[in-house]
Each structure stands twice: as C-alpha cells, then as structure tokens.
Amino acid sequence: MEFYTLQEFLTYTKGIAYLLIVAILVSVTGFWLFLTDRDED
Amino acid sequence: MSEEAVLNTNPITPPAQSLYTPFNVVAGIILIVGFIVTILRFTGGLGAVTNLNDNYPWGIWIGFDLLAGVALAAGGFVTSAAVYIFGMKRYHSAVRPAILTGFLGYALVVIALHYDVGRPWRLPYPFIAQQGTTSILFEVAACVALYLTVLFIEFSPAAMEWLGLRRARNIVIKLTMVLTIFGVILSTLHQSSLGAMFLIAPSKLHPLWYSSHLPVYFFISSIIAGLSMVIFESSLSHRYFAHKMDQTHLDEKEGVAFGFAKAAALVLFGYFAIKVVGIAMDNNWHYLTTGYGAWFLVEMLGFVALPCFLYAVGAREKNLNLIKWTSALAVLGIVLNRLNICVIAFNYHLPSDEKYVPHWMEIAISLFVVTLGVVAFRFIVTRMPILYAHPDYQEEH
Amino acid sequence: MMSVSRRKFLGWLGAAGAGVISGGAANAASNKHFKGYPDSLGVLHDTTLCVGCRSCEAACNKVNALPAPQQDFTDTTVLERKRRTDSAAFTVVNRFKQSESDKQPVFVKKQCNHCLEPACASVCFVGAFKKSPQGAVIYDESVCVGCRYCMIACPFEIPAYEYDKALTPRVVKCTMCHPRVLEGKLPGCVEACPKEALLFGDRDKLIKAARKRIERFPERYVDHIYGEHEMGGTSWLYLSGSSFEQIGMREDLGVTPAPKFTEGILGAVPVVAGLWPVLLTGIYAVSKRKDKVAQEEQSQAVSEAVTQAESQADAKLKKALALAKKEKEMAVKKEVKKALDKATLAKKEAKKKAQEEATDAEK
Ligand code: SF4
Ligand code: SF4
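Residue numbers (our numbering), protein chains in the order written: chain A, 1 to 41; chain B, 1 to 397; chain C, 1 to 363.
The reader is advised that the hints may include incorrect statements.
[Unchecked claim] Within a straight-line C-alpha distance of at most 25 Å, the following computed BS3-like cross-link-like pairs (lysine-lysine) qualify:
id	chain 1	residue 1	chain 2	residue 2
1	B	Lys89	C	Lys288
2	B	Lys204	C	Lys130
3	C	Lys82	B	Lys355
4	B	Lys89	C	Lys290
5	C	Lys288	B	Lys262
6	B	Lys355	C	Lys165
If you're looking for bench data, these hints aren't it; they were derived computationally from the structure.
All values derive from a computational prediction rather than experimental measurement.
Use the sequences and the hints to build the structure in full.
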C-alpha cells in the first residue's frame with residue numbers, strides 16, 4: 001500500500017493500533033486468568 | 001429509613017411539608033429556565049442561544065462542561081484505584097460516593113455535549129459511520145463512552161442492593177478488580193487526551209498554556225481535581241446527609257480527608273514543578289511580564305501553589321475546616337485552568353473586541369446541567385446505600 | 001504499611017506521566033517523509049497584481065449558490081474592515097494599508113489554503129475532511145457531527161459554521177471548486193479574476209513559476225513563497241511585495257505538518273493500553289500478597305496465643321489434679337493409719353484384757 005500523505009498513513013496505522021488495543025485488552029484478561037488459574041486461594 | 005424521615009432531618013429541607021424550600025425553589029427555577037433554553041437551542045440552532053462564532057467554535061460548554069467536568073469527575077478512578085489496586089482499605093467508605101459523583105459527572109458531560117455539537121444524534125458516528133483515527137477527539141470519545149459504561153457498572157451494585165437484586169449484584173462485585181483496572185486505563189488515556197486536543201493549535205493557544213506536555217498536565221491535574229472533589233463532596237454530604245452515613249463512614253471520613261489532602265498537596269507540588277519546567281523548556285519566561293503572564297501567575301500562584309501549601313498545613317495540623325475550604329479552592333483552580341486553555345488564552349492573538357464572552361443562556365445551560373447532577377445525587381444518596389453499607393451486605397464489603 | 005502504599009501510589013502516577021512522554025518521544029522519531037499526491041493542483045495568488053475588485057468573491061458566491069450579500073460585490077466600502085471567511089462567504093478580499101494615506105494598498109484574497117497535510121482532516125473524529133489527489137480538501141457533510149474541532153485546529157482560521165441552522169448545520173469552506181475541476185473547468189474565482197492575480201495549475205509548476213517571478217523582479221517581491229512550506233505546505237501559494245505579516249498572514253506557523261503535533265500522543269495510546277493492565281495488575285497482586293502475608297502473620301499469632309493459653313491451662317489442671325490426688329492419698333493414708341491405730345489399740349486392749357483375765361484365773 002502506498003501513502004502519499006502523512007494523514008493517510010496515520011489514518012491507516014492508527015486504525016490498526018486501535019484494533020490491536022482491543023485485542024490486547026481482551027487477551028491480557030485471558031492471560032491473567034491462565035496465569036493465576038491454579039493458585040490456591 | 002423512610003423518605004419522610006429523610007426529609008425531616010435534612011437541614012436544607014425544613015420539617016414543614018412545604019415543597020418551597022430554598023433548595024427546591026432555586027433548583028426549580030434553574031431547571032425551568034434550562035428547559036426553556038433547551039427548546040430554543042434545538043429549534044433555533046446554536047446561534048440562537050450562544051455567542052459562539054467562527055473564531056470561537058468552542059465556548060464554556062466545552063471549556064467548563066466537558067473539560068472541567070471530566071477532570072472533576074476523576075474522583076471515581078482515583079479513589080477506586082487507591083482502595084482496590086493499591087490496597088488502601090481504610091478509604092473504602094469513600095469509594096461509593098466517589099464512584100457516584102464520577103458516574104453522574106460523566107453522564108452530565110455527555111448530556112452537555114448534546115447541546116454543544118451541531119447534530120447530537122450523530123454522536124455515535126465516530127464508531128458506526130467512519131472512524132477518524134487520527135483525531136485525539138476520536139480517542140476521547142471512545143474512552144468517555146467506555147468509561148461511562150464502566151462507571152455505570154461500578155455504580156450498579158448500590159442500585160441493585162436498593163432494589164434487592166442480590167444475584168446480579170454479587171456478579172458485579174466479583175468484577176470490581178477488572179472494572180477498576182479498566183477505569184484507570186481509560187482515565188489515563190482520556191484525561192490526558194483532553195489536553196492533547198489542543199496540541200494541534202500551537203498558533204492559537206497562548207505559549208504559556210501551550211506545551212507539548214499538555215497531556216501530562218491534564219492527567220496530573222485531573223488527579224488533583226479528583227482528590228479535591230472527593231474531599232469537597234464528602235464535606236458537603238456530611239453537612240446535608242450526615243443522618244444517612246453509617247458509623248464506618250463517619251469514622252473513616254476524617255481519615256479520608258487528611259489522607260487525600262496530603263496526597264493532593266503532594267500532587268499539586270509535582271504539578272507546579274512540571275509547569276515551571278514546561279516554561280523553561282520552551283523558554284517562555286519573557287511572557288510572564290505581559291498581561292497574559294500576570295493572569296498565568298494568578299493561576300499558578302493562587303490556584304496551584306496556594307492550595308498546595310494550604311493542604312499541607314491542613315494535613316499537618318489536622319485542620320478539617322482548612323482542608324474543606326482548600327478543596328474548593330483547588331477545584332476552582334482546575335476549572336480556571338480549563339477555561340484558560342479553552343477560552344481565555346485561546347485566540348490570544350485576536351484583538352480584545354473579537355474575544356468571546358459567553359451568552360447568559362450558555363451559562364444557564366451549564367447551571368442547568370450542574371443542577372441536574374445535584375438533584376440526581378440527592379435523589380440517589382437518600383435512597384441507595386451510598387453513604388452507608390447496606391445492612392444485608394455488610395459482611396461482603 | 002499504609003503510608004508506604006500511598007507513596008507507591010503517587011510514584012506510579014508519576015510513572016504514568018513518564019510513560020506518556022516517552023511514548024510520545026519514541027513515536028515522533030519516525031523519519032518517514034511524505035511528498036503529497038503527484039501532479040496535484042493549486043493556485044498561485046500574486047498579491048502584487050490584485051486590485052481588490054472582488055470579482056472572485058462574486059464568482060465564488062455564484063458558483064457555490066451562496067446567499068446574496070448585504071452589500072453588493074461592487075461595493076468596495078466593505079474593505080474598510082478586515083474580514084474573515086464565514087458561512088456565507090468562502091472567500092474574502094482584504095485591504096492592507098501601510099499607513100492611512102497609503103496610496104498603494106495591498107489586496108489579499110483569503111480562502112481555504114487546501115493544506116497538503118490538513119489540520120482539519122487530522123482532527124476530525126469522523127474523517128469528514130479528505131485531501132483529494134487533485135489537491136482540494138473536501139468535506140463530507142453526511143458524516144459531520146458538528147463538534148467544530150476542525151475550526152479549532154485550522155491554523156488559517158478558515159472553516160465556518162452554520163450556527164443559525166437548528167437541524168442541519170454544516171461546516172463550510174472553499175472547495176477549490178472540486179466538482180468544476182473534475183469537469184475540467186477552472187475554479188470560479190480564478191476564472192473571474194480580470195488581472196491574472198490568480199493562477200491555477202500543477203502545484204510544482206506554480207512554485208517554479210513563482211520562483212521565476214521573484215528572480216525576474218527581485219525589487220517587486222519578497223523572497224518567499226507563502227504556502228510552499230507553511231504547515232507542511234499548502235495548495236494555495238502566495239507572492240507578496242511586503243512581509244506577509246503586514247498583509248495579515250501569520251509567519252509564525254512553522255513548517256510542521258499538522259498531524260505531527262498529535263502523532264506522538266497517539267502513539268502513546270497503545271503503549272498505555274498495553275502496559276497499564278500489566279502494571280496495575282502487578283501492583284494489585286503485590287498489595288494483595290502483602291495483605292495476605294499480614295493476615296497470615298496475624299492468624300498465626302492468634303493460634304500461637306491460643307495454644308499457649310491452652311497449654312498453660314493444661315498445666316494448671318494437671319497440677320490441681322496432682323494436688324488433689326496427693327491430698328486424697330494423704331487422706332486415705334490418714335484414714336488407714338487411724339484405722340490401723342485403732343486396730344492396734346484394740347488389739348493391745350484385748351491383749352491386756354486377756355492377760356488380766358488370765359491372772360485372775362490363776363488366783
Ligand atoms: S486551510 Fe484550514 S480548512 Fe483549509 S485545508 Fe488547511 S486546515 Fe483545512
Ligand atoms: S465539525 Fe464536523 S467536520 Fe469538523 S471536526 Fe467535527 S465532525 Fe469533523
């Protein structure tokens with residue numbers, strides 16, 4: 001993909017960043033559960 | 001406690017059955033005026049009720065209702081983070097009132113925005129129509145929408161206890177930790193981003209207020225606002241709703257005030273420090289001798305340094321009264337800062353006769369929104385277990 | 001312990017600030033450079049040629065079907081005061097006099113500059129503004145929410161708002177006659193200009209042409225093409241005979257493209273969202289662990305105290321029992337002895353009696 005303006009480039013990359021944020025927040029919750037699942041208390 | 005008993009012991013509502021108490025009359029007038037202005041706003045457009053113009057597209061509805069409103073509603077995240085994440089359990093009784101204030105604050109911000117934007121029914125468009133991902137406002141909108149939801153869920157146990165929905169309530173209580181962490185993330189992001197919104201306009205905002213550190217300033221000062229609002233709100237609650245407080249709340253109240261005052265003093269110190277560093281970074285010293293410079297000094301000395309010092313004295317000498325008044329001063333300081341950035345020091349290059357002065361109807365709507373909040377707060381604390389632990393759920397706190 | 005955790009709390013909050021800053025710094029370091037759309041179009045406004053006839057204003061009004069003005073376009077008294085664009089005028093001509101008696105005032109046409117990296121597009125949270133490959137920055141009314149952030153952001157103070165409309169207010173500004181240009185026509189104002197103060201064409205070629213003019217008439221122009229680099233460059237370009245500040249154009253805008261101002265903080269967003277949960281959960285785990293340890297210590301102390309008390313009580317009981325046993329034994333012994341004594345006595349007596357009886361019988 002070719003970008004002619006910084007504005008275009010940022011719209012694209014920040015769009016992906018926002019999707020990643022959602023993915024991160026969901027996965028970190030899951031990961032924490034996986035990590036502490038067997039702790040007895 | 002029955003509704004009657006509440007009213008009768010309420011100092012602002014004398015025992016006479018009359019509805020015409022000073023509080024009700026003033027609130028009633030504001031609400032009626034607000035209602036009329038609302039009709040004018042949505043039938044005549046923004047031009048009919050505001051002094052906004054092409055140079056000043058943002059007035060006090062953004063400067064006060066949005067910027068100051070969000071900052072002052074920071075008490076929710078600050079308190080719940082202190083108690084649940086950092087384990088300061090002795091402030092536990094302060095959490096619910098803080099969450100309630102936060103929730104109402106954000107709800108009112110969203111209501112106020114419906115007045116300000118041109119086509120309020122399109123407010124969900126950034127999410128459903130087209131995403132302007134490069135806009136700081138996009139991030140603010142996303143965070144505010146999500147955080148309002150988080151606050152609503154955090155507040156819901158009180159309502160559920162009131163309504164007797166034990167099952168649902170217990171599920172939500174289990175989520176406390178996740179919600180708190182989520183709240184802190186969202187607050188960090190949008191509190192700072194409200195400041196970052198002005199990064200785009202270095203040529204319009206006066207250099208003393210413009211800084212690449214604006215997001216940090218906004219975030220740090222939101223903590224000050226949050227802490228101060230908790231103190232301020234709790235002293236008012238104590239005055240008017242003391243009969244609604246349980247022993248724990250009354251016992252912890254002073255500790256909350258002293259602890260929060262100490263914390264606020266420290267954060268104010270840090271805030272002052274980074275602001276000074278900010279001037280040095282951009283070499284803006286020479287502006288201090290101008291008119292705007294004097295105004296900047298008023299803000300910095302009178303509304304940052306002074307409350308910092310007074311909080312410290314209050315905390316040292318365990319002077320509750322001083323702390324109460326200082327909290328009001330600190331809150332005013334944050335409001336002043338937001339108004340400076342959004343309105344007063346904005347377009348500093350324009351001649352003074354082109355400057356914006358709010359229309360009285362704009363002020364009326366801002367008052368209307370605040371009054372809505374006070375009335376809602378009063379309605380809720382006189383009914384739901386906010387200032388006391390619900391007897392059926394005491395053990396589980 | 002409590003005061004420690006408060007200090008830590010503040011420390012972390014400080015870390016929050018640091019995170020925001022460093023995230024910003026890291027991102028601003030990206031060295032990508034964007035040159036804009038190739039062959040995009042623009043307009044060169046040579047202010048030294050403008051006579052202030054307002055023909056461009058009239059043409060703009062007609063082309064865009066704007067409401068009729070209060071004063072006719074031939075009326076030059078409107079030039080008495082400085083004007084800006086508004087919802088009824090996408091372009092305005094202003095007059096600048098060096099002094100009251102100045103016989104040769106300068107006229108400057110003002111409209112959207114169609115930035116290469118528009119601030120208005122950068123800040124719109126629904127992406128209503130777009131830079132078109134042809135050069136115009138165009139606005140999409142169908143998504144605009146009316147937050148007016150674009151008006152806050154525009155460094156040239158161009159976009160205006162229809163404040164008087166209750167239901168369908170729009171942001172309005174010059175479109176560089178995008179629809180006409182797509183049809184192969186000239187923008188309305190350029191077509192109407194009788195003095196060729198406006199030149200439409202390929203932006204790169206316009207810059208070359210402007211430079212040539214400056215070279216050819218160095219006494220006529222200041223050596224600067226306004227818009228070549230301002231705010232990252234604009235599609236509209238200006239030539240002037242006096243400093244641009246004097247003809248109402250800001251020279252302090254810098255050359256940074258608008259999106260750069262917020263690029264850093266936008267880069268910090270994922271950093272906060274990615275690291276905050278980790279950090280906060282960690283703090284939570286630590287404070288919970290501390291609580292647990294404290295709790296364990298406490299319960300241990302309690303149980304110790306209990307066992308101690310128990311054993312003490314036990315010892316006492318044993319002692320009491322032993323005492324009781326001893327006493328009992330003593331008592332028994334005593335009784336036995338008593339009985340024995342009695343028995344011996346009786347025996348003795350009986351013996352005595354028997355002896356006596358025996359002696360009696362011998363007698
Ligand atoms: S001049 Fe203003 S309105 Fe026009 S493109 Fe640039 S930022 Fe947008
Ligand atoms: S007013 Fe409309 S065009 Fe301007 S920033 Fe807001 S949504 Fe975008």
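Status of each hint after checking the structure:
1. B:Lys89 <-> C:Lys288: holds, 11 Å
2. B:Lys204 <-> C:Lys130: Given that 25 Å is the threshold and the Cα spacing comes to 23 Å, the pair holds.
3. C:Lys82 <-> B:Lys355: Since the Cα atoms of lysine 82 of chain C and lysine 355 of chain B sit roughly 15 Å apart, the hinted pair holds (cutoff 25 Å).
4. B:Lys89 <-> C:Lys290: The hint holds at about 13 Å.
5. C:Lys288 <-> B:Lys262: holds, 24 Å
6. B:Lys355 <-> C:Lys165: Holds - the C-alpha atoms of lysine 165 of chain C and lysine 355 of chain B are around 23 Å apart, at most 25 Å.
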